[in-house]
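J.: Listed below, chain by chain, are the residues.
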Amino acid sequence: MTGFHLAQVNVGRSVAPLGGPELADFVAQLPEINALADRAPGFVWRMVDDGGEDSTALRPDGDDDLLLINCSTWESVEALKDFAYHTDHLRVLSRRREWFQPLGGPHQALWWVPAGHRPSVAEAMGRIAILRERGSGPQAFTFRDPHSAPVAAT
Amino acid sequence: MTAEDDAFTALTVLSDPVRRKLYRHVAASVEEVGRDAAAEAVGISRSLAAFHLDKLVAAGLLAVSFRRLSERTGPGAGRPAKMYRPADGEHTVSLPPRSYDTVGRLLAGVVEKAGLDRELQAAAKAAGAADQDAAAGDLVEVLRSRGYLPYWDGGTLRLKNCPFHALADDFRALICGMNLALIEGMAPEGWSAEVEPCPGGCCVALRSKTNFHWL
Chain A
1 MTGFHLAQVN VGRSVAPLGG PELADFVAQL PEINALADRA PGFVWRMVDD GGEDSTALRP
61 DGDDDLLLIN CSTWESVEAL KDFAYHTDHL RVLSRRREWF QPLGGPHQAL WWVPAGHRPS
121 VAEAMGRIAI LRERGSGPQA FTFRDPHSAP VAAT
Chain B
155 MTAEDDAFTA LTVLSDPVRR KLYRHVAASV EEVGRDAAAE AVGISRSLAA FHLDKLVAAG
215 LLAVSFRRLS ERTGPGAGRP AKMYRPADGE HTVSLPPRSY DTVGRLLAGV VEKAGLDREL
275 QAAAKAAGAA DQDAAAGDLV EVLRSRGYLP YWDGGTLRLK NCPFHALADD FRALICGMNL
335 ALIEGMAPEG WSAEVEPCPG GCCVALRSKT NFHWL
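One line per chain: the protein sequences are A and B, in this order.
Per my numbering, residue 1 is the first one in the first sequence, and the count goes up by one each step.
Per my numbering, residue 155 is the first one in the second sequence, and the count goes up by one each step.
So that you can see chain A by itself, here it is in the shape it has in the complex:
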């Protein structure tokens, strides 16, 4: 244990409103994929809206009704990678362009938080902004350029 957890935020602009037929397959798979995350090794926490099931009711940008957010914390980069790319989550991920528009800039950011910390929507969006403005660094990074957890003061 390092005393730090890895936080990840991912935003996506859907091709159509969430309740419509275009997103029906995505919405239908959410409970299963969230359950898969919840029991994945190294999973710590994921952001949920007032409904408590998932984060689909959250709109990180008030002016953009199609922008959805997804945020979670993990014990390690490897744990998140294993879930994201080495489980049936990959199946959903590989269909991302059926449901989400390609975004011009970064749509995902990773950063380290003190163990137990639960990032807010504003904090998470701030990390994507850091990545967009300064590129990958210890404050906000990507899988391609991972940074190790800060050394905990003992």
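Calculated from the structure, these hints are not laboratory results.
Idealized CB from N, CA, C, for every residue including glycine.
Incorrect hints may appear among the rest.
[To be verified] Coverage of chain B stretches by chain A, computed from C-beta distances (three or more under 8 Å per stretch; other residues unrestricted):
{"id": "1", "stretch": "267-280"}
{"id": "2", "stretch": "329-335"}
{"id": "3", "stretch": "341-350"}
Following the hints, put chain B in place on chain A, whose structure we already have.
T.: For chain B alone, coordinates are given in the frame of chain A:
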């Protein structure tokens, strides 16, 4: 030495057919391989196997770890056994020099940015379905010839190697999605492909819904 010299040195070691057999055996094995097992698999003496295995290690093609094969520890437990596995890293030789990986990386970046995942998957699925050998029925052999190093784990066909490793590392969703479509295209009716963790390998696992005689 240049990277090309390194690659030539590594590959020259494989010109010996016995070494080639040993390398292939270790590369295709799910677990690390000891000297006895390697010797038996290739049909040579233990000392000859040890000699060739260590040549492969010196060339950077295999890596070594030490493991006690028995439960006993402490004095009298004997020396830990030398175990072999494929080394990390890739060796490519192309004469004359070609750089398809550069092209692959550039193309992947553009395809990703343009959001053409579905177009890529459709092309991959069609390419898999067009594979004559796959259509003829021997999926295991087709996967083997394409470098996946397939092996049976009970009734599940797993793939020890990812032929697109470096690209997949940089473009996960794109390349793994393409690979899944390619394999689904190759797989005859009655097979299902699932995604399961397989460290270092390809995370696609295949099961036959009808061919229970494989079990």
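J.: Hint by hint, say whether it matches the structure.
T.: Against the structure, the hints come out as follows:
Coverage of the stretch 267-280 of chain B by chain A holds. Counting CB-CB distances below 8 Å, 7 residues qualify, and the rule asks for three or more. A stretch counts as covered by a chain when three or more of its residues have a beta carbon under 8 Å from one of that chain; for the stretch 329-335 of chain B and chain A the count is 4, and the coverage holds. Remark: the stretch 341-350 of chain B is confirmed as covered by chain A, as 3 of its residues place a Cβ nearer than 8 Å to a Cβ of that chain, reaching the required three.
When the structure is compared with the earlier hints, no violation turns up for any of them.
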